[in-house]
Amino acid sequence: MVRLLAEDVVDGARALLGWTLATDGCAARIVETEAYGPEDPGCHAFRGETPRNRAMFGPPGRAYLYFTYGNHWMLNVTALEPGLGAAVLLRAAEPLEGLAIMRSRRAKAARDRDLLSGPGKLAQAFGLDGSRYGLDLFDAASPLRLMPPASPVAEVRVGTRIGLSPGKGDETLWRFADAERLPWVSRPLRELACG
DNA sequence: CCTACGATTCACT
DNA sequence: GTGAATCGTAGGC
Numbered sequence: 002m003v004r005l006l007a008e009d010v011v012d013g014a015r016a017l018l019g020w021t022l023a024t025d026g027c028a029a030r031i032v033e034t035e036a037y038g039p040e041d042p043g044c045h046a047f048r049g050e051t052p053r054n055r056a057m058f059g060p061p062g063r064a065y066l067y068f069t070y071g072n073h074w075m076l077n078v079t080a081l082e083p084g085l086g087a088a089v090l091l092r093a094a095e096p097l098e099g100l101a102i103m104r105s106r107r108a109k110a111a112r113d114r115d116l117l118s119g120p121g122k123l124a125q126a127f128g129l130d131g132s133r134y135g136l137d138l139f140d141a142a143s144p145l146r147l148m149p150p151a152s153p154v155a156e157v158r159v160g161t162r163i164g165l166s167p168g169k170g171d172e173t174l175w176r177f178a179d180a181e182r183l184p185w186v187s188r189p190l191r192e193l194a195c196g
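Numbering-wise (my numbering), the first sequence opens with residue 2 and increments by one.
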């Protein structure tokens with residue numbers, strides 16, 4: 002049962018590839034995601050609900066943002082029904098609109114491919130922080146929103162998730178990328194997804 | 001209260 | 001490829 006639901010998060014992570022993330026002034030096509038599910042030791046929700054992760058236990062499709070390494074914000078999309086802690090981490094995107102704003106926010110990006118090629122970079126380029134916590138990303142009127150692709154991603158690559166300690170899901174192939182837009186991803190992926 | 005560590009990034013070798 | 005920076009959160013005492 003829970004296993005089945007976890008697979009739904011994984012499907013969700015794959016399905017978010019190709020969607021457009023938009024704010025006022027900036028838009029980008031999602032090229033890399035990771036799934037974090039219930040019963041997943043790598044998931045912040047694994048040890049139960051806390052003030053920090055409460056968004057994951059609420060309705061799906063909301064913004065779960067958290068701060069880590071003393072510097073970086075990460076943007077996730079909550080998943081599954083309320084009560085089950087799960088989310089999809091948005092790891093990388095291809096910039097579409099608002100390049101000048103993104104470059105100004107990320108002065109250290111030497112090339113445009115450095116603007117959104119990592120979860121911390123993506124949040125910085127979009128100007129995201131805790132003030133966006135809990136926003137409904139599937140509401141077209143939301144200041145931070147997701148818009149569906151004109152056509153689904155044709156080919157998906159899979160790989161292990163990044164930054165997890167041994168034994169905490171580091172072997173699980175729950176990282177996904179748009180195989181046709183690999184120049185924009187944060188790090189190389191292992192292989193082609195089957196199915 | 002105190003400590004350990006992290007869903008990372010950047011500078012440097 | 002390697003290591004430091006940096007601080008909020010969570011968990012233990």
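Derived by calculation from the structure, the hints in this document are not laboratory data.
It is possible that part of the hints are untrue.
Label pairs and their calculated CB-CB ranges [said to hold, decoys possible]:
#1 191 <-> 155: 30 to 38 Å
#2 60 <-> 148: 31 to 39 Å
#3 142 <-> 192: 17 to 25 Å
#4 155 <-> 97: 14 to 22 Å
#5 191 <-> 166: 18 to 26 Å
#6 8 <-> 101: 35 to 43 Å
#7 191 <-> 140: 34 to 42 Å
#8 60 <-> 174: 21 to 29 Å
#9 105 <-> 134: 18 to 26 Å
#10 172 <-> 101: 35 to 43 Å
#11 168 <-> 140: 21 to 29 Å
Note that CB positions come from ideal geometry on N, CA and C, so glycine has one too.
For this session: May I ask which of the numbered hints given earlier this structure violates, with the numbers listed in increasing order?
Result: 1, 2, 3, 11
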